[in-house]
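Chain residues, written in single-letter form:
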Amino acid sequence: MSLELKGISKSFGSLVANESIDLKVDTGEILAILGENGAGKSTLMNIVYGLLQSDSGEIYVDGKVVKINSPADALSVGIGMVHQHFMLIPVFTVAENIILGHEDVHRGRLTLHEAKVKIKKISDDFKFEIDPDAIVEELPVGIQQRVEIIRALIYDAKVLILDEPTAVLTPQETDELLNIMRTLKSKGTSIIFITHKLREVKAVADRISVIRRGKVVGTTSPTATQEELASMMVGHEVDLTARKSASTTGRKILEVTNLNVFDGLGRKIIKDLSLEIKAGEILAIAGVQGNGQSELARALINLEDHVTGSIKLDSEEIVGKSVHEALQSGIAYVPESRELDGLIGSFSIAENLILDVHSVSPVSKNGQLNINYVNNNADKLIKEFDVRTQSIFDTASSLSGGNKQKVVLARELSRSVKLVIVSQPTRGLDVGSIEFVHERLIAEKDSGRAVLLISSELDEVYGLADRIAVIYKGEILGVTDSSISREKLGLMMAGVK
Amino acid sequence: MLRQLKKIKNVTQLPFLAFIFAFLIGGIIIALTDSEVMSNLNSPRKFLTSFLAKIGNSFLAIFQGSIYDVNLARGESFFKGFYPLSDTVVNATPLILAGLAVSLAFKSGLFNIGAQGQFIFGAIGASYIGFNFEFPSLIHIPLALTAGIICAGIYGGFVGFLKAKTGAHEVIVTIMLNYIAAFFLLWLLKTETFLRPGNINPIAPEVKESAQLPLFLGEDLRIHAGIFIALITAIFVWWLLNKSTLGFKFRAVGANANAAKTAGISTSFVTFSTMFICGALAGLGGAVHVLGTNHALGADIGGSYGFDAITVALLGRASVLGTVLAAFLFGALQTSGLNLLSVTGTPFEIVQVIQALIVLFIATPALIKFIFRVKSETAEKTITAKGWNG
Amino acid sequence: MKYLSAIQKRQLRGIQVMSLLLVLFSFVFYFNSTKVEDITFGFVIDQEWQLINEWVVASKSGSGLFLLLALIGVALAYLQFRNGKQIVTGGFIFGFGIILAFLCWTASGKFVPFTGILQGAIMFSVPLIFGSLSGLLCEKSGVINIAIEGQLLFAACVSAMIASISQNVFIGLVFAPIAGMLVSFLLAFFAIKYQVDQVILGFVLNVLVIGLTGYIYSKLLVPYGDVWNLGPTFDRTPIPLLSKLPIIGPILFNQTIIVYLMYLIVFVIQFAMFKTRWGLRTRAIGELPIAADSVGIDVNRLRYKNVLLAGLVAGIGGSYFTLGAVGSFTKEMTAGAGFIALACLIFGKWTPRGAVTAALFFGFTTSLQSNLSIIGVSIPSEFMLMVPYIATIIAVSGVVGRVRAPAADGIPYSRGNR
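Chains as they are written, first to last, in my numbering: chain E, 2 to 498; chain F, 4 to 393; chain L, 39 to 456.
One or more hints might be untrue.
What the hints assert, rightly or not - Result set (EDC-like, lysine to aspartate or glutamate): computed pairs, CA atoms no more than 16 angstroms apart in a straight line:
(1) K47/L / D63/E
(2) K313/L / E104/E
(3) K47/L / D126/E
(4) K264/F / E326/E
(5) K7/E / D63/E
(6) K264/F / D63/E
(7) K313/L / D63/E
For the record, the hints were derived by calculation from the structure and aren't laboratory data.
Just so you know, these numbers come straight off a predicted model, no measurement behind them.
Given only the sequences and the hints, what does the whole structure look like? Please build it.
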């Protein structure tokens, strides 16, 4: 089945997300759509899948125009989608999730039997090893993704859209997924593969379309070099390597010994973890999302409730202190999610810049906020960190992703700290902001602070880290220097020592 | 200057229209349920005139019953006509304080349905000190008020404590505590300490004169110094929320608890202290009510102040100024209820209907904009009661 | 030592509290008890077949016996805890034992109509069950329903008026669900179409209905009461044979038609929520509506449907106040039952079975209270009246603790706005 988009445009208020986009994918072809975060890829695919309606333009299936007003319409013409954020009900079983919307009913009663048989069959065909009765939220993300693929296949999808499918996978799982895509292709399924990762595009795509600022800026073949693709994506020449400085390490700043972190159900998320970081070095924690790195970062400032072991900052024990005390004893913390944990959207930029020092002098004076100081502080910091905003009194939610991250960085780095913890610091940012964040982190290291970088982007890890610790299922599998090969690192991230 | 005016227009336009619309519906209900109006159904012209006359008369009765009544002034002094206004202020006073107790909780992301129970406990504490001891006024009044504040503060703080320690949802706990407070009061009024000697009706002794809030406009008017206490408290709450470090914590937790926690703010502390202060505020309302207006603790001391306080806070969009204004509006509507009944024969429950409609329409700007075909920037959402998982 | 999770810690604390209470009550009800008179439990209230007519037991030995039962409850809870299960069953047995031990202690020398108390428990819990099921239908599909009180009250008012002018109780019953659905429609319209904050909306709808019914009451029902507010009521309809069963017969099968309707609705909802297409979709839109949308389910349409259905259920419950009991309407006659129903829903962790159990528990304590004040016991009636509310606070903060509502409960759904 072929799918063709002609002149698709979509805007949200004054923001133009898609501007007369033309694309075509043929039967049994893999079309890669490459673009930066925020380029308009997801908007486009949500239009194709019926979750959004385009302002203008047409969609053709096998040369005939179709109207897609809802996902139901998309499914009925044979378009399936594997979403970046899985569309699975966490508390349902695999089988329940798959029949949802297409239920078999026998005398008013749901029957799961047929669905289970079909799941088993597809699961066997592709060696997915999926138990139809497993509860989805208890499955690893890689498996959850396969549930989504199975669902698309059971609904008889002839065109499969994969939206950033590798973001949550290990390098090995990514390779497996690429193989699955090749198999699907050989069976005649057309695939639209959305990504911002150049390597994967080159490995699997038949054609590559690049989207920048809502427009298709070019279509090319996988023989193009990574540099060529990158400059098409960003719009100017890019240097893909971060400039790392030589490190001069000093005394031990952070020492973690036998740290255990439990979740609310008593499961061990971090197991007997030990590590140390010296002044003037960047230690990266590499690992696939969901292996305990978020919990580790949170535990270091005592945000986790159930912790045993010892965390020493400059030989001062952190475990048992409050979050406030941990932060004030000299830790800067940049959380994984800016919107959820880093900022208060409805507060002004100025207020966000004092969020964790609001109760200490000089911000607080006799229990009252020192408004003059708060405003001067904000004026100073937005200049220093190049936050693009009209006023320090604008709300944080009005900022773009990159500027939000700069506000968080400004707040955390402007305190006098010894240790900087950054968690996925460039996730979802544009190239310009990524460069800013990277330079800033290297500057922090050069000024003698210890930096703990948690990232699932291997390029970032290689570009910045002096040493790399690989985390797998809550354990550190090993600590190496940054000369380790990608293949070896990938194997470690998949749990092979 | 122009920008300022535009901003004021933006903020006030929709509430004003919501207000008009709610009164209009209220008026229509009054007229359509009036037997005289309905008896004119066969003649459209007569029907229309009596319909409009009924609505006009009702609104006039509401005005005369709550602000200024010319009939009272006739033959007497001009000032006598303000008697209803004095009553409006008296009714508004406890509503301001209890309303603030709900508004402040909203700012911390808590839904305090328990103002009723807290109000009752405040009244109990103040009344006990008021009738049981004899001090000079300068000591007696502050002492009685403090007793009310502390009793209710603990009662409210208990909710925060439970939520922080066990996660018990404050909506459920406060609903239950309202009932418990009402039964506790009933029991208390049967005990030897509280039952007025020689009385079998559940009513406590009158508070000593030294504990009564002064009637600063003379004995004729019921208005008492409680209004100043309420207004000063409102200013204090405004300062607390907008200028103090503690208020910053409250607002931070209310706006984004996760980010607040990440920045080192203890949500347990905020939950507890918010509920303590909210309890204290509602309790102060109860104390002022018993020391200024009722002078004796009875089984119905709480009236429906605690529940009306929620509507007041919602109407005031949880802001301090909004709450104070809304309390005056509700005080006026409630005061007018009796006049409305005696002059036009309209049951005063209509006032409750109008109150509910105002809040409903204010919460639905899109509908008001649609009905009145106005274009206006949507005001930012100021109250978001959190669902059960919040 | 084995590491305990937060839930396990809370369970352990719950067991500790139960043990402590057991020791405390053992002293009050048994070791320190000076009550010597016998207590008589009556088991027959009507013409049912008799298995046992009366049971006479000395106050002290009765207390001791039921304290033992409570001890078994604690032991069971501990066993359940050790096996990593929920401790709810143990907790219930414990509570039951303590209440009966208390009864033996406080009602010494008196006659306790045991079957009568249970029959009353059903009666008191009827509106709560209807109300909490109404809440369940809304909240499982992602709409918070605080307006249960308003649904009950409006249906009570309308059904009484209609039954009165038609002098036909069945016509009244037909209009009750319609009234409930009217309130539901407002809830759905403002919550789904205009995305008004649902907690606030529900609260305001309650105020609106209280005001409106109060207005109707004063304007119409009082002055023209003989026409508008003098309706017939349902008689008890004993089910042949079943109502003759000893003890449970008169409790369960000698009730009004509204109660039988309730049995049916409870059964249907429990089945449909977990075994049908509708149930699967309803639970899906309450958890992750965008996922349901992405497989072609019209989220908001199903929400509309379920909220209206909830009004229907609550409406029948509302008619119980008037048609099922006194026939005439009085101002605010639901007296907060809607809020208690809401508490039952949360207490029962958003499951039909849990909500019904919680409502029965509430009905039982209320019935016990009202019977004891008729018997005339030494405890002030006000404290007896508090018991259901205190029990709810303990349950919510101890046994139930942090509960998990449907993930999307209270969050309006529109596409492109996850």
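Right, here's what the structure says about each hint:
In summary, the hint linking K47/L to D63/E is not supported, as the alpha carbons are separated by about 61 angstroms, beyond the 16 angstroms threshold. For a cut-off of 16 angstroms, the pair hint linking K313/L to E104/E stands: about 11 angstroms separates their Cα positions. A C-alpha spacing of about 46 angstroms is found between K47/L and D126/E, which places the hinted pair above 16 angstroms, so the restraint is violated. Restraint check for K264/F and E326/E: the C-alpha separation of about 12 angstroms stays at or below 16 angstroms, so the hint holds.
Using a Cα cut-off of 16 angstroms, the hinted pair K7/E and D63/E holds, with the two alpha carbons roughly 13 angstroms apart. Restraint check for K264/F and D63/E: not satisfied, since their Cα atoms lie roughly 53 angstroms apart, outside the 16 angstroms limit. With a C-alpha separation of about 40 angstroms, the suggested pairing of K313/L with D63/E is violated against the 16 angstroms cut-off.
In terms of the numbered hints stated before, the structure departs from hints 1, 3, 6, 7, listed from lowest to highest.
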